[in-house]
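**Q** The chain contents come next:
2 protein chains.
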Amino acid sequence: MNGLDFDYELNHTSSNNTNPLDPEEFRRQGHMIVDFLADYYVDIEKYPVLSQVEPGYLQQRLPKSTPHDLEPIETILQDMKDHIIPSITHSQSPNFFAYFPSTSSIAGFLVATELEMIVMDGLGEILNQPNSFPFSGNGGGVIQVTTCEVILCTMVVARDQMLRRDGRQNIEKMVVYGSDQTHSALQKAAKIARIHSKNFRAIKTTKSTSFTLSPDSLRSAILADMEAGLIPLYLCANVGTTSMTVIDPLGPLCDVAKDYGLWVHIDAAYAGSACICPEFRHFMDGVEGVNSLSLNAHKWLFTPLDCCCLWVKDLSALIKSLSTYPEFLRNKASYSKQVVDYKEWQITLSRRFRALKLWFVLRSYGAANLRNFMRSHVKVAKLFEGIVAMDKRFEIVVPRNFAMICFRINLPSTMVLESINASGRVYMTHTVLEDVYVLQFAVGVGV
Amino acid sequence: MNGLDFDYELNHTSSNNTNPLDPEEFRRQGHMIVDFLADYYVDIEKYPVLSQVEPGYLQQRLPKSTPHDLEPIETILQDMKDHIIPSITHSQSPNFFAYFPSTSSIAGFLVATELEMIVMDGLGEILNQPNSFPFSGNGGGVIQVTTCEVILCTMVVARDQMLRRDGRQNIEKMVVYGSDQTHSALQKAAKIARIHSKNFRAIKTTKSTSFTLSPDSLRSAILADMEAGLIPLYLCANVGTTSMTVIDPLGPLCDVAKDYGLWVHIDAAYAGSACICPEFRHFMDGVEGVNSLSLNAHKWLFTPLDCCCLWVKDLSALIKSLSTYPEFLRNKASYSKQVVDYKEWQITLSRRFRALKLWFVLRSYGAANLRNFMRSHVKVAKLFEGIVAMDKRFEIVVPRNFAMICFRINLPSTMVLESINASGRVYMTHTVLEDVYVLQFAVGVGV
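First to last, the protein sequences are chains F and R.
If you're matching positions, the first sequence starts at 834 in my numbering and goes up one per residue.
If you're matching positions, the second sequence starts at 834 in my numbering and goes up one per residue.
If you're looking for bench data, these hints aren't it; they were derived computationally from the structure.
Check each hint, because a few of them may be wrong.
Since the list can't tell identical chains apart, any single copy or any two copies may satisfy a pair.
[Said to hold, decoys possible] With a straight-line Cα cutoff of 30 Å, these simulated DSS-like cross-link-like pairs (lysine-lysine) come out: (1) Lys1190 x Lys1225; (2) Lys1146 x Lys1037; (3) Lys1031 x Lys1190; (4) Lys1006 x Lys897; (5) Lys1215 x Lys879.
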């Protein structure tokens, strides 16, 4: 951030935090993990190739909640060595002659699945989620690749539920709703799920209501569609849009959706993570009424791409749509209700062990530090906002909710942005709102 | 493999190869890469935040072909330092205020895209692909997540092409074809693309033809469907099935598909990689006639999950189906035809830099070593096959094509497999063929 005016303040805002990308700490932990993995390959033939554990194994051995304070990397690696490594299926073992090399299996990933369940419940807990989302309710969480994938999955579930209902069999009549601020992932998912492009509603929002989706506009759109013989299917509401971190009014939108039987998904890709801070949790008010919710840990939860967390309330609907049962994936565990079979929760069959990185993040920092990281981002954003607000050449276009400021300047903004980015010193982006070219300043890395 | 009878022979088959999972080499390279990355984070503010390069930059600086012999890790890291690092957009920089942290953009990934194009063309070259697949033709390659995703993408393209044709607008009538040996990914993709479950054809295969899909059976199925007013849409042919590495007769199947206008996709998830060996390339004969082809580098090309390589012949059809254009992703590069925009080639918008790991694999080993690794796997499989064939208690169920043997035993096979796997000493799997429980022995790791 050299050269910007608020260097001094900045350097004094985050002194109590560990920088999540401190190069020397990265180096220390990196070498430790390389040795851990190399030692594992040395010892690999000492372990039974196929996981020998019974369902529930890991839940008795690892802490279920996200810790409040950070835990040293040594403790986490020790848990990994004591509980996870001895119990996984060792697909890189020279004695692994199953399926094809590197291929996963249900039995093989019993432990990976249990860790994912622990991580998703633990994250849900610090997000203060309603009781209907965790595994102890009827719901559950899964880590997928990106928001596009989770929207597609949930839309397919909603579509198939509707197709199963008598007399409502026409896919050509189904309608998907979002605001004009909704991520293009919704449109893409709708195309793939074969919702007709003329039945995709990007409901207009205005500056006067900070570009939020109006429940009245939603109801009018639904009524007009029903009048025309169409079938309202799916609503994607936003908690923190890509353009301006807009928060749609979840409670009132869910009330409308409930009246007409729509599936409601919340795309909280960026801002969902912030809801681990009590002061931001109110942005999620109304979440009790939705069917599914996703956030990207790879956006604001200090986890590398890709790590998209999805929770659903009604697991059985999900599995009914996405399940296939080829013989070669059947085994004892998948016939038992005790075991979650994540391939039935998503598009792909093979899966990486994504829970591991999120588990490391949650434990390495602890809830308190994660909250502090976010607060320091917001503090920097507030500083920037203050500087912009003091200068009459600039205008703040929409109220700031988190750590992004949308502003404009009384100059040709395209040229300003191009010259800023061409300098190589900082990189910012833009969006267009009501034909106005708006600059975006988003804080979230290394400060 | 301690304890198995062929220890001696085994130890003398692969002595000329570097073990791709040698723990001490892994340790050496791992530490080198940790230092490389830590140094990068130390220096990150020295680079322009936003990539300042023009399209074509990387193609002039890096070798385009896969080397025949291995290159030392030091050379590859030097290329990375000299050409890739200075030219990427540094999304982890403290001066990155664009989009949200860790989020990708088209401009930001110009170099990642170019490396992916180089890698996919370079891999296509050693696979001896027809001229229609590389970027120099009308086609091109992309790295996606898994086979499920690529089948879904290509099926959606085929479906939308068909829907655009006059008078053939009924999605309820479209039919998807494969053999009963085809991976369940086909069924899953068909469900998501909303091909009606009654229009999914898993054409029966028999032991007498080694479980290959018969072109005559395909033609009969198509004709029966057309007779019933249905619309044949998509065929997935196999080069190496999951159950038994079955190779479908590509040429004759493409002839049938061409007569009725079907899209043909080859699922070569496992065995496709083997076609870099001239002695296995004939299994791909007929590839000229297909529309798309995929293989998983994470199966038999020594690359970690996930890395699914897809090539298509007609890019414009793909992009027509999968493109969306939100304002916040538009920039100079995406308006230009010079630049490939991979988010238009797949389901998701965000993407990891998967090309990097495949590029490291291709250069670290070189084509010659990769071929030797595979040959050593096949050699071990042949040894095992010989031992099984000599023992009258066993029967080889289908001819071996690559490094997997399917066999049965004159004992209750379920119990045999369970007791083998419970020993923890090796792990094998099973499949069921014509109601016979078959054991699978697949060689591919560490030998």
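**Q** Look at each hint and say if it fits the structure.
**A** Outcome of the hint check:
1. Lys1190 x Lys1225: Cα proximity of Lys1190 and Lys1225: none, with 45 Å in one copy and 49 Å across.
2. Lys1146 x Lys1037: within (29 Å within a copy, 39 Å between copies)
3. Lys1031 x Lys1190: The answer is neither: 41 Å in one copy and 41 Å across copies each exceed 30 Å.
4. Lys1006 x Lys897: neither (45 Å within a copy, 49 Å between copies)
5. Lys1215 x Lys879: between (55 Å within a copy, 27 Å between copies)
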